[in-house]
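Engineer: Take a look at the letters that make up each chain.
8 protein chains.
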Amino acid sequence: MDLRSLLESYKEGRISIEDAEKELRLDYVDSIGDDVLFDRARELRKGIPEVVYALSKTPEAVARIASSRKGLTLISKANACHLEAVKEAVPEAIIRYDCGMAIIGRMPETNRGKIGIITAGTSDIPIAKEAQIMAEAMGVECVIEYDVGVAGIHRVITPMHRMIEEDVDAIVVAAGMEGALPTVITSLSPVPVIGVPVSSGYGMGGKGEAALMSMLQSCSPGLTVVNIDNGIGAGSTAALISISGRRR
Amino acid sequence: MDLRSLLESYKEGRISIEDAEKELRLDYVDSIGDDVLFDRARELRKGIPEVVYALSKTPEAVARIASSRKGLTLISKANACHLEAVKEAVPEAIIRYDCGMAIIGRMPETNRGKIGIITAGTSDIPIAKEAQIMAEAMGVECVIEYDVGVAGIHRVITPMHRMIEEDVDAIVVAAGMEGALPTVITSLSPVPVIGVPVSSGYGMGGKGEAALMSMLQSCSPGLTVVNIDNGIGAGSTAALISISGRRR
Amino acid sequence: MDLRSLLESYKEGRISIEDAEKELRLDYVDSIGDDVLFDRARELRKGIPEVVYALSKTPEAVARIASSRKGLTLISKANACHLEAVKEAVPEAIIRYDCGMAIIGRMPETNRGKIGIITAGTSDIPIAKEAQIMAEAMGVECVIEYDVGVAGIHRVITPMHRMIEEDVDAIVVAAGMEGALPTVITSLSPVPVIGVPVSSGYGMGGKGEAALMSMLQSCSPGLTVVNIDNGIGAGSTAALISISGRRR
Amino acid sequence: MDLRSLLESYKEGRISIEDAEKELRLDYVDSIGDDVLFDRARELRKGIPEVVYALSKTPEAVARIASSRKGLTLISKANACHLEAVKEAVPEAIIRYDCGMAIIGRMPETNRGKIGIITAGTSDIPIAKEAQIMAEAMGVECVIEYDVGVAGIHRVITPMHRMIEEDVDAIVVAAGMEGALPTVITSLSPVPVIGVPVSSGYGMGGKGEAALMSMLQSCSPGLTVVNIDNGIGAGSTAALISISGRRR
Amino acid sequence: MDLRSLLESYKEGRISIEDAEKELRLDYVDSIGDDVLFDRARELRKGIPEVVYALSKTPEAVARIASSRKGLTLISKANACHLEAVKEAVPEAIIRYDCGMAIIGRMPETNRGKIGIITAGTSDIPIAKEAQIMAEAMGVECVIEYDVGVAGIHRVITPMHRMIEEDVDAIVVAAGMEGALPTVITSLSPVPVIGVPVSSGYGMGGKGEAALMSMLQSCSPGLTVVNIDNGIGAGSTAALISISGRRR
Amino acid sequence: MDLRSLLESYKEGRISIEDAEKELRLDYVDSIGDDVLFDRARELRKGIPEVVYALSKTPEAVARIASSRKGLTLISKANACHLEAVKEAVPEAIIRYDCGMAIIGRMPETNRGKIGIITAGTSDIPIAKEAQIMAEAMGVECVIEYDVGVAGIHRVITPMHRMIEEDVDAIVVAAGMEGALPTVITSLSPVPVIGVPVSSGYGMGGKGEAALMSMLQSCSPGLTVVNIDNGIGAGSTAALISISGRRR
Amino acid sequence: MDLRSLLESYKEGRISIEDAEKELRLDYVDSIGDDVLFDRARELRKGIPEVVYALSKTPEAVARIASSRKGLTLISKANACHLEAVKEAVPEAIIRYDCGMAIIGRMPETNRGKIGIITAGTSDIPIAKEAQIMAEAMGVECVIEYDVGVAGIHRVITPMHRMIEEDVDAIVVAAGMEGALPTVITSLSPVPVIGVPVSSGYGMGGKGEAALMSMLQSCSPGLTVVNIDNGIGAGSTAALISISGRRR
Amino acid sequence: MDLRSLLESYKEGRISIEDAEKELRLDYVDSIGDDVLFDRARELRKGIPEVVYALSKTPEAVARIASSRKGLTLISKANACHLEAVKEAVPEAIIRYDCGMAIIGRMPETNRGKIGIITAGTSDIPIAKEAQIMAEAMGVECVIEYDVGVAGIHRVITPMHRMIEEDVDAIVVAAGMEGALPTVITSLSPVPVIGVPVSSGYGMGGKGEAALMSMLQSCSPGLTVVNIDNGIGAGSTAALISISGRRR
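Line order of the protein sequences matches chains A, B, C, D, E, F, G and H. So the first sequence is numbered by my numbering: it starts at 4 and just counts up by one. So the second sequence is numbered by my numbering: it starts at 4 and just counts up by one. So the third sequence is numbered by my numbering: it starts at 4 and just counts up by one. So the fourth sequence is numbered by my numbering: it starts at 4 and just counts up by one. So the fifth sequence is numbered by my numbering: it starts at 4 and just counts up by one. So the sixth sequence is numbered by my numbering: it starts at 4 and just counts up by one. So the seventh sequence is numbered by my numbering: it starts at 4 and just counts up by one. So the eighth sequence is numbered by my numbering: it starts at 4 and just counts up by one.
Among the hints, erroneous ones may be present.
Simulated pairs of lysine-lysine, DSS-like, Cα-Cα distance not exceeding 25 Å [unchecked claim]: (1) K90(B) / K73(B); (2) K210(C) / K90(D); (3) K14(G) / K14(H).
With beta-carbon atoms standing in for the labels, derived distance ranges [stated by the list, open to error]: (4) S71(G) / P94(D): 46 to 52 Å; (5) N114(G) / D150(F): 39 to 45 Å; (6) N114(G) / A83(A): 24 to 30 Å; (7) R165(F) / R17(H): 52 to 58 Å; (8) S12(A) / K73(C): 31 to 37 Å; (9) P111(H) / R72(G): 50 to 56 Å; (10) M110(F) / E112(H): 43 to 49 Å.
Covered stretches of chain A (in silico footprint by chain D; criterion: 3 or more residues with CB under 8 Å from a CB of chain D, positions within the stretch not fixed) [unchecked claim]: (11) 94-103; (12) 163-175; (13) 228-241.
No wet-lab data here; the hints were simulated from the structure. Virtual Cβ for every residue (Gly too), placed ideally from N, Cα, C.
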């Protein structure tokens, strides 16, 4: 019963003042942040699929969650056991061993926006794929350039050329090791860049800390970061920038 | 001499093949990233003012840089000594003791976009002001809401209401201590959020690390972060999102 | 206008359905967490004074806040400059140089509960005083035992004897260096213990990290901790345990 | 032989002065902290079961300990091997694969108190179950609310409503990732809250450090913390608060 | 088509000005850093083989890369699975289980220079072998001294004697634990020393951090370091010093 | 009244059984660890002076403590303000600006033992002096060798020669920077060595962490460590080894 | 040929001055630290067995070293694979699965000294056994007390009583978790104490860092520490204190 | 008396066998590492001036050392007080307030080699000057390029061009913030590069850790690093590479 009907029912004596009061109180809880204020946020956000982090869950728990979802759902940070359990529970799921993900439900058209995704090396590709799947699941097209190192600086120019030609709205840059690529890309980019540090190194700083710190220290205007290996977060934010920029 | 004139001069014999070759080679260096490829990047980026970090420089050095700049220049992370030296060197500079900044040159109209800036507590205000001055220096209007704590969750609703009504394109959230506010804001926001951890606490994690880690751990799609106390970076990226989203 | 009056006004036609609806919507924002649900929380919490952390604020800002408060307000982590500025702005404030605090407004009777406060060494006393002032400001009496080392284990027995005789409801233990005292106290205590690590050491772990980690590692049931030097947090929680235990 | 009987035996000449003296000296060691001073502590504490941490022990060692205990004993942080070894050694033990625990002996009635337990996400449930089993083993009833995220702030209101209606004496909040939930809960809670950081994330701060630091930085009066994943400690302290508050 | 031919073709009318211009623009990208400026760098660097880090790649990915390479390629940080996959894909590859490496292609003569390699203990040998293989792959001879501890200081003298007699141009010193050996060697060495911290210890600092910090803190002129376990980096730099010093 | 007298008084009826019982109970507290068990510990330990750490105390507090002590007391980690306050309060105190100490009371003869003290560089001398004063205050003679670097390995031989000739019972080695000296000394020493890391460096590990970790990683049998800059702890332990070894 | 013979041979013309000179030069290298200066060190140290750390070596490498040793050799930090390989290679070796060690060669009489070894909990026992085996291998008797917690402070008194009665020369205390036991023991001990932090916990500080920092922060004169889990180092130093103290 | 004379004196009976033996033994100590083995090392190293780190010394101590030196001596990491004290003690010293150094004695001709020095930003200049002064004090010429950012990648090309034309033997690159420049430079450089991380940033990683980790993670063959702000170390090693490469 919506607010207006409730008021009318009360006025017409179909419900008592006590019931109206109680109903209104209960309604408070449901309505906060939902019905009243945030229509626009909800509108945009309804295109964001559920993401289930498999990492700290058992394969059974992940399979159970997977089979109970109705809308588009992504399983991420899943190992082989998780993925096999999902496969068995939801045979039609798309299993992506290459980036530890599973896709439950139907992917949308990618016509809500366009972003770029760049990786520094081949070890960064699984994280880049997380970002890509997430963005595509939000209806955003991805322009991909893999294996653009920073060591040979001229190698960044062709990919950047393409990003500009494709007119992307944001660029995700996944980089492990010393993590310098996002800084270089940002200096050449007309659109915001989201750096994803990748845990592909070894020794001091090799679990992504060096890359994360590098990106945080960078003074290029336009660069923000997400946590180490958080391809999902980078992809969703880049997609949100694109969708929200094109909504006008 | 541009490329076409050069070619014509050579064809017409006004310059030798050696000179043409040399000229072309020298031109390479100048032209990379400038004249050829990145017109669009440059167009957008030309609205970004120079930022001089005073922190690790002497007052004299900062004053010398300040007086030598021609375009709009912001001095940031400046202490009282830096600011007084700038004041003396550039009397018309705007000195902002409240956030350790100085503004050299003329601020533009703020008609290129609109962003929101929210702080968790009063200690976060100087960093929020950094973000505001930077965004305004890029021609972007700022909608400000100070002192929105996370402890009383209902206190976030009114500010978010205003952000949505004002139709901002991105929101900067500055928060020290436990840094939970950006996560909460992001869950309610239709536009991307940029978290700025602030070094306003004490004890373990009090120099902004707790806030930074919290924001990095947050799983809200749409939240990215900049380094601790980096108001400039947050403001410039939010402004870039707004400008670049409105360019279409 | 409260909910019932609003409904009646509407029924009696004194206000239109549109106004009723609008009034109800506006009311949502105010009422969340305040008028509807949390009467009991608010009742207990209304005895908790405001605490203003001076650490990352200017003396002027602290003085301005101090002079604008109406209820009981504590200034903490204040240095000499902060305290002098408060003294000037609010002459009747109680200035506590010994623990970096100022008290604005009138302290209540201490009849709502009783807690114990124990320190390991003399360097821990300022933090213990923070806890004491906070608890007293919440109307809770404090039984104090200073300088109970852990090195001479028999020295803990007399203070614990007193704590038990005084029938305290919770014990705050402030300890720097190796932070072993809370573990020992907890093993002897019939009531919950709150450990406050103190930054009184030097060398590795000397800024309170050793003490914090020790307390976190302790396996004594009944021991919880607050952040390094957070006397306010320990005092308020101990007081809350006492008040809430005695409310029955 | 108790003290009075000893004195009388000596007076009556049944034992020599040397024997009396020796007996008294030996008695010192036994009596410290036991017979003389701490009756009340012991009374309360006698309801606390033994807890055996399996983590750094071999399955055989854990099984041996399990089969030698007479009173109620909890095995915690046990992997599948530990649990199978316990099962074999003590067939009547209750094996809890879902939270890595085993229960040896008989659980008491839960009539000594009542606490609440809240988790932020499904990954935090095993730690919450540790807290629940520990509290129930101390005779305290648990009111459980799982999967209360912080991202959708309105989702905290219903669970808090229930906590207040059930009149719990303390609330355990288990939260990984950014660890913001305990801060939010504390701001709404009339009773003390114990935060348990959970190691369910990844990347920087993902082993529970971000959650721990967040909780330590929180300035909500009434919040204290235990170590990462220490459900046992949180459950036992919450139970102690409840039992000790109800003893009056 | 090189630059001069292009200019002539245009002059002779064989290509239009538009084509000449376009050709020149495309050429920019290829030529940066390659054809114009860095002949000498390229000359020296052409002796540096490709190195593929297996650590964060799947065995299949490593095997695929291995079989696609034409020039000399080293696989490093490979586990047994990686090495077996390489063996199967490239039967003629040299498999080095002793240091987790595989060599694809033909090793050169070692006549371009000479370096020394010293280890502190037997646990440092695999890392030393990485350095050796890398240097030999660059055509540089290695003088090896294993198991030169720092504890018995006189044990360093014979190896140093040999290094001087062999007239090496740089010395790689691999050391785990406390990492003191490079400091001692540097004080006795006429040539630059490159320290490689090795992750062979345990406890605090045992993953190579103690060794790394020791080497960074050392004040011996002539000592620089590479990351923990980075034998490849140390070997290649030492080789570069030797080759570049002998080029005169 | 001692135990035997008490028993006799009771037997003779001079005191009641209630009084005897109470007296015995009170006696428990006093006697634990003091009168009964630990005569030998107390005997040795009675030569250990009180040490007051000035670091986290105000000058007034330190002066007050200084003037209230009766036995030999050392003030350590004192800055100029602390020392001047002590000077004024206790004019006969010996003030040591060179190592931040003050000596209150009379130093004993140094005839209870003999230890060695070695420093790596001149920056380590103040910490070495802390160790020396502490050992001398315990009646132990110190054989001093300053500025024995590790870089020139032959420089350690003469000082070690002297240590052996002087027949010291333990050696304190203070070393900052890379902290390698204690490892080298231990390999040459017939007696236990106590390493004191010194916070004399800069950059990564420069606050003594590199030195501490080096010493912890060292595998020389006979080396133990104290915390960074803890000259007092090293001196007292070395002295205790000497005194306790010579007591036989 | 010893020095005197050499000189005589030369004088008698049996060798030339060139040969004498060369012989003397070669002799330098051998004699440094060995024949000339350090007889006493060598005397004491000759009782110290070789220790081989298996941790970062392959089972084959460990077995090869084990079978090549002639004197008493201890293998430590060995896993089951290491131990089985040793067993096969050296059938008469004593294999200690309980503490990851193997003993090659014959253990001496334990008549050179006496030390105490105390553990806080059962998880610390394997490390304590390392210390025991090392000390016994040096000919030193060990007085053992396991499972002396710090939580029940009276439990430390009986073990200390025994240590004093047995007249040990040094005490090794192994403690994980919060690591408070060594501080308490040191305050009661007439002899030096060596703390061994043990990595038996979990959560923040649980890998032995909390215990290590606690021990480093402790201000009890007489306590020094070794690295986390370094039972060998603690045992050898305690044994050295005992042997060197009894040599007089 | 040299070795040969000694032998002859003995043969001729001018000294006894005892005296010869004693003389030879004493000679051992002096000769180790000096007269016998390391002529070449000493030859090269004799051009390395003494460096006195002022940081952890008092101004008086630094002045005293400065006035007592005879050869070329550099004071580094000196603040204004240190420098004034040196000025007063040694009026002819060259005082460099711009990089916290003082030069005592006469600088040599710079004809022993040539190196390059590059900085990323103006904040890195003082550290670059340390490197320059150190290299020049070793007789090596420096080719300087300041303020080569990494953000605009084309800005690195001109400086690298110059480095190659000047034919430097090694390049020092000082960089704070994200520290990416050395990686980029190394990829373009024919000679070894030494990275110096500079502590010019703020926030996480801002004390040079981000820059240090970046450089350690870099996989460019040819890059090694020194500690944060260690311009002296970088300059001396680069100079050593140049001198030792040119010695052939």
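Engineer: Which of the numbered hints are not met once you compare them with the structure shown?
Structural biologist: 2, 6, 7, 8, 10, 11, 12
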